[in-house]
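Novice: These are the residues of each chain, in order.
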Amino acid sequence: MTGRVARLSAAAGVLLLLLGAALPARTADFAGLVSGLPSEGFAAKRKTVAALGALGDARAVEVLKALSGDRLRSTAEGRVLIVGTGPDGGPLLSDAITGKPVTGVDPDSLGRIIANNVLRGDIEAALGSMTLFSRDRGSRLGAARDVLKHPSAEGAARLEKALAGETEAKVRDAMQTSLLAARLLTGSKAQQLAAISGLAGSTDPQIKNLLDAYRARPNLDPELGRAAESALAAIGHRLRLVAVAANLFEGLSLGSVLLLAAIGLAITFGVMGVINMAHGEMIMLGAYTAFVCQQAFRLWLPAAWFDAYLVAAVPAAFLFAGAVGVALERTVIRFLYGRPLETLLATWGIGLILQQAVRSIFGAPNRAVANPGWMTGGVDLVGGLTVTWNRVGIILFCLVVLGVLALAMQRTRFGLDMRAVTQNRAMASVMGIRTARIDALTFGLGSGIAGMAGVALSQIGNVSPNLGGIYIVDSFLVVVFGGVGNLLGTLVGALSLGIVNKLLEPVVGAVLGKIAVLVVVILFIQRRPRGLFALKGRIADAEG
Amino acid sequence: MRILKTIGAAAIGIAVAAGGAGAQTQDTIKIGVLHSLSGTMAISESTLKDTVLMMVDNLNKEGGLLGKKVETVVVDPASNWPLFAEKARELLTKDKVAVVFGCWTSVSRKSVLPVFEELNGLLFYPVQYEGEESSNNVFYTGAAPNQQAIPAVEYLMSDEGGSVKRWVLEGTDYVYPRTTNKILAAFLKSKGVTDEDIRINYTPFGFSDWQTEVAAIKTFASAGKKTAVVSTINGDANVPFYKELANAGVKASDIPVVAFSVGEEELAGIDTKNLVGHLAAWNYFESVKNPTNAAFIKEWHDYIKNPKRVTNDPMEATYIGFKMWTHAVEQAGSTNVDAVRQAMYGQKVKAPSGFTAVMNTNHHLSKPVMIGEIRPDGQFDVVWQTKGVIKADAWSPYLAEDKGKVADWTYPWACGNCTKPRFHD
Numbered sequence: 001m002t003g004r005v006a007r008l009s010a011a012a013g014v015l016l017l018l019l020g021a022a023l024p025a026r027t028a029d030f031a032g033l034v035s036g037l038p039s040e041g042f043a044a045k046r047k048t049v050a051a052l053g054a055l056g057d058a059r060a061v062e063v064l065k066a067l068s069g070d071r072l073r074s075t076a077e078g079r080v081l082i083v084g085t086g087p088d089g090g091p092l093l094s095d096a097i098t099g100k101p102v103t104g105v106d107p108d109s110l111g112r113i114i115a116n117n118v119l120r121g122d123i124e125a126a127l128g129s130m131t132l133f134s135r136d137r138g139s140r141l142g143a144a145r146d147v148l149k150h151p152s153a154e155g156a157a158r159l160e161k162a163l164a165g166e167t168e169a170k171v172r173d174a175m176q177t178s179l180l181a182a183r184l185l186t187g188s189k190a191q192q193l194a195a196i197s198g199l200a201g202s203t204d205p206q207i208k209n210l211l212d213a214y215r216a217r218p219n220l221d222p223e224l225g226r227a228a229e230s231a232l233a234a235i236g237h238r239l240r241l242v243a244v245a246a247n248l249f250e251g252l253s254l255g256s257v258l259l260l261a262a263i264g265l266a267i268t269f270g271v272m273g274v275i276n277m278a279h280g281e282m283i284m285l286g287a288y289t290a291f292v293c294q295q296a297f298r299l300w301l302p303a304a305w306f307d308a309y310l311v312a313a314v315p316a317a318f319l320f321a322g323a324v325g326v327a328l329e330r331t332v333i334r335f336l337y338g339r340p341l342e343t344l345l346a347t348w349g350i351g352l353i354l355q356q357a358v359r360s361i362f363g364a365p366n367r368a369v370a371n372p373g374w375m376t377g378g379v380d381l382v383g384g385l386t387v388t389w390n391r392v393g394i395i396l397f398c399l400v401v402l403g404v405l406a407l408a409m410q411r412t413r414f415g416l417d418m419r420a421v422t423q424n425r426a427m428a429s430v431m432g433i434r435t436a437r438i439d440a441l442t443f444g445l446g447s448g449i450a451g452m453a454g455v456a457l458s459q460i461g462n463v464s465p466n467l468g469g470i471y472i473v474d475s476f477l478v479v480v481f482g483g484v485g486n487l488l489g490t491l492v493g494a495l496s497l498g499i500v501n502k503l504l505e506p507v508v509g510a511v512l513g514k515i516a517v518l519v520v521v522i523l524f525i526q527r528r529p530r531g532l533f534a535l536k537g538r539i540a541d542a543e544g
Numbered sequence: 001m002r003i004l005k006t007i008g009a010a011a012i013g014i015a016v017a018a019g020g021a022g023a024q025t026q027d028t029i030k031i032g033v034l035h036s037l038s039g040t041m042a043i044s045e046s047t048l049k050d051t052v053l054m055m056v057d058n059l060n061k062e063g064g065l066l067g068k069k070v071e072t073v074v075v076d077p078a079s080n081w082p083l084f085a086e087k088a089r090e091l092l093t094k095d096k097v098a099v100v101f102g103c104w105t106s107v108s109r110k111s112v113l114p115v116f117e118e119l120n121g122l123l124f125y126p127v128q129y130e131g132e133e134s135s136n137n138v139f140y141t142g143a144a145p146n147q148q149a150i151p152a153v154e155y156l157m158s159d160e161g162g163s164v165k166r167w168v169l170e171g172t173d174y175v176y177p178r179t180t181n182k183i184l185a186a187f188l189k190s191k192g193v194t195d196e197d198i199r200i201n202y203t204p205f206g207f208s209d210w211q212t213e214v215a216a217i218k219t220f221a222s223a224g225k226k227t228a229v230v231s232t233i234n235g236d237a238n239v240p241f242y243k244e245l246a247n248a249g250v251k252a253s254d255i256p257v258v259a260f261s262v263g264e265e266e267l268a269g270i271d272t273k274n275l276v277g278h279l280a281a282w283n284y285f286e287s288v289k290n291p292t293n294a295a296f297i298k299e300w301h302d303y304i305k306n307p308k309r310v311t312n313d314p315m316e317a318t319y320i321g322f323k324m325w326t327h328a329v330e331q332a333g334s335t336n337v338d339a340v341r342q343a344m345y346g347q348k349v350k351a352p353s354g355f356t357a358v359m360n361t362n363h364h365l366s367k368p369v370m371i372g373e374i375r376p377d378g379q380f381d382v383v384w385q386t387k388g389v390i391k392a393d394a395w396s397p398y399l400a401e402d403k404g405k406v407a408d409w410t411y412p413w414a415c416g417n418c419t420k421p422r423f424h425d
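These protein sequence lines map, in sequence, to chains A and B.
First residue of the first sequence: 1, per our numbering; consecutive thereafter.
First residue of the second sequence: 1, per our numbering; consecutive thereafter.
Hints in this document: simulated from the structure, not taken from any laboratory.
Mixed in with the good hints there might be a few duds.
As the list claims (entries may be wrong) - Derived pair list, reagent style BS3-like, types lysine-lysine, alpha-carbon separation capped at 27 Å:
1. B:Lys-298 x A:Lys-149
2. A:Lys-47 x B:Lys-165
3. A:Lys-65 x B:Lys-226
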């Protein structure tokens, strides 16, 4: 009897001792966890990350962010360091455990502590629960949305607390939605019913999937089932509308890319009648001009100016491609007017020469052209409809180019001369217009616009010597479909081809969609050989 | 008249050059390089031409092969598939080369295959491909699907890879992606993945407008199960695809993309800061640390005189193939195709991957498999690799039509596509 008591009290004593030791062990724990990182495999690191997240230590946030961002290093002795940015922009090392700066160590000599996708996901979740109360608005918003991905009762409790102190409307909305989702899965019947009616106004595909899974639950209360049913119908209807809107935007965006690629051709082919197979290469030259501008900005100008390289690239590309165009017209094309077959072959050959020249100068591999900060990312409008900034930028740019061009054609002396020469060369010449000069300038204008298109296209695709080949067929398609010699036709042609293409793509796939568009255009040309907007009148008839 | 004279002079020049080359044939061994140096594929293939030239250079510095200098005949099939066959015939009949290193796309390989079989030539093919082939005249030093695609999918299914349950198989519309995706779909179904959890989509070569497809992938991924994209997108279409993904806010920790045609060389043309964490599966990465690789990278930088040029998997496969061929020639004491072929079986090379690659009797290699995640600097971190080497299957065990097919070019099988041996005792 006494023995048992003694044993019990001894056990209790040990327990107390352990508890006592656990309190000061808190910092030791953090240090222990962090210094374990260099030698751990991914499975062990996941446990460490979870433990670090549960610690609630502010220093853990720094370590986790560094691990996720590939900024965590280890010395040969096993010390863990964080690489930050110093005041001079160079690397600045600090000790992960003490937070003190470390000097005299070459960052390149250190071992890297790497993360993988799963680990980065874990870190995101760990930081999420820590950052629901963060000072930074963006991380609170992100955290509120992350909870929606894993709804749980604890999540609901934390959200309620966070919601009480939240003042930003957008963050409140996100928190509210996540809270409703969590209550739908874990709350009482009344709470579930309220959650369903609250979520019925959503346009988020995630909510739809959540409700779908909810309705499919076995032995669900019929009242709740009916409510979920009607909420789903409402969400589904809105999502279909959003899908149509998304399709239209994508069509508009594709159309604007086609339009940009085709405007230059609308002038060289449409207005001057030169079958210019080197048009694609003018686009390519423009894209490489953007690359050269980017490199120049990187090398010679302060980093803060870098985002402006694109603004500088647009006029540079216009001038460069335009100059190449003028040179081409003066040296080759002017000897071939009125001989379409020879023009076709000559310009095709020139295209090949330009391609190989670029390949010799810049090398065969693609060149990286970065999107400047203001062209990166996008904005989530509603229900998974993301509008990306580079697409919006291209749509606007293309409208501006078209508008300026139309003004120049209608309102300037050069535009007048140009129209006069293309409509009736002999008469224009008699009236004192220097037709040869106008020819060269017109060809230069078309080429210059192609160069600007190249700058825009470098923002969404490759910059390689073959860039032009991708767009040449589409450009001819647009010009022929829209009606030769007509800028309005080019606009309508490009936009309608873009939208038709994008409406077909989800239904029949990209490959068949493209074929279908081609067939439709061919059939259309059979019915109306002059395209959508044919030039009417005596001159057009005489030319035809 | 003047033009005629020029042509005449050129013809004489060519004749002299050819005569000069002819006079040298006694003490040189000629090898052919059949990689596109112009056209779409020049991006990838011209590097492999340089790799072969570097290996030949080093070999000659060490005294050549069988006491003779090795001479390279480089031709340019210009990314034009029928031209590949013409150039291959020229190399074998006119230049009488002992071996050819060449081809990248499967369609170019299929185009030259009949030529090599008819003339009993020897081709080393250094690129990962869809399998379903074994020719007596080709040695395949790139990965077969079970050395790349299948392990990558298995990795993503594992806890470590994120326990992926839903799959988008995204490819360019031609033979390699279609065959690979057929094998992958059969494999996924054998692992209990249902049809509704697999989305297969194809886009044309050089496709550049990915908005609709990326939106569709996002919708597909919002179904509540972990989703991954398996990409067999080839060539130029990759850049706009990754750009669109990044701009649409798809992160690797949400929807990882594992690619089979994107390596260090391809990443050199992409702004990689938004791609961190996306994956690639290969048998070699430049970032692998071992002495063989360090020497290989140094050799390459010395030869190309540009320390910024990267190495990649097809270059390593070219390296392995070239080394194996020289060893086999030394062992056979001759460049005779039949003798070299026999000496190739079981040939071992310490590869830059850090493992020893072995040539099997199905004309494919045993190599390790590595999964890498893209780093901000355009290199890869190896996050998973096989413990040892994996033997390539020429025929996939997951396809019903391949059941029982064996590729084995030694007695008694002596066949690349048979269900029973050609000979029996």
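Novice: Regarding the pair Lys-47 of chain A and Lys-165 of chain B, is the alpha-carbon distance no greater than 27 Å?
Specialist: holds, 23 Å
Novice: Under the criterion that the straight-line Cα-Cα distance not exceed 27 Å, is the pair Lys-65 of chain A, Lys-226 of chain B satisfied?
Specialist: With Cα atoms ~23 Å apart, Lys-65 of chain A and Lys-226 of chain B stay inside 27 Å; holds.
Novice: Given the hinted pair Lys-298 of chain B and Lys-149 of chain A, is their Cα-Cα distance within 27 Å?
Specialist: violated, 48 Å
Violation of the numbered hints given earlier is confined to hint 1; every other hint is satisfied by the structure.
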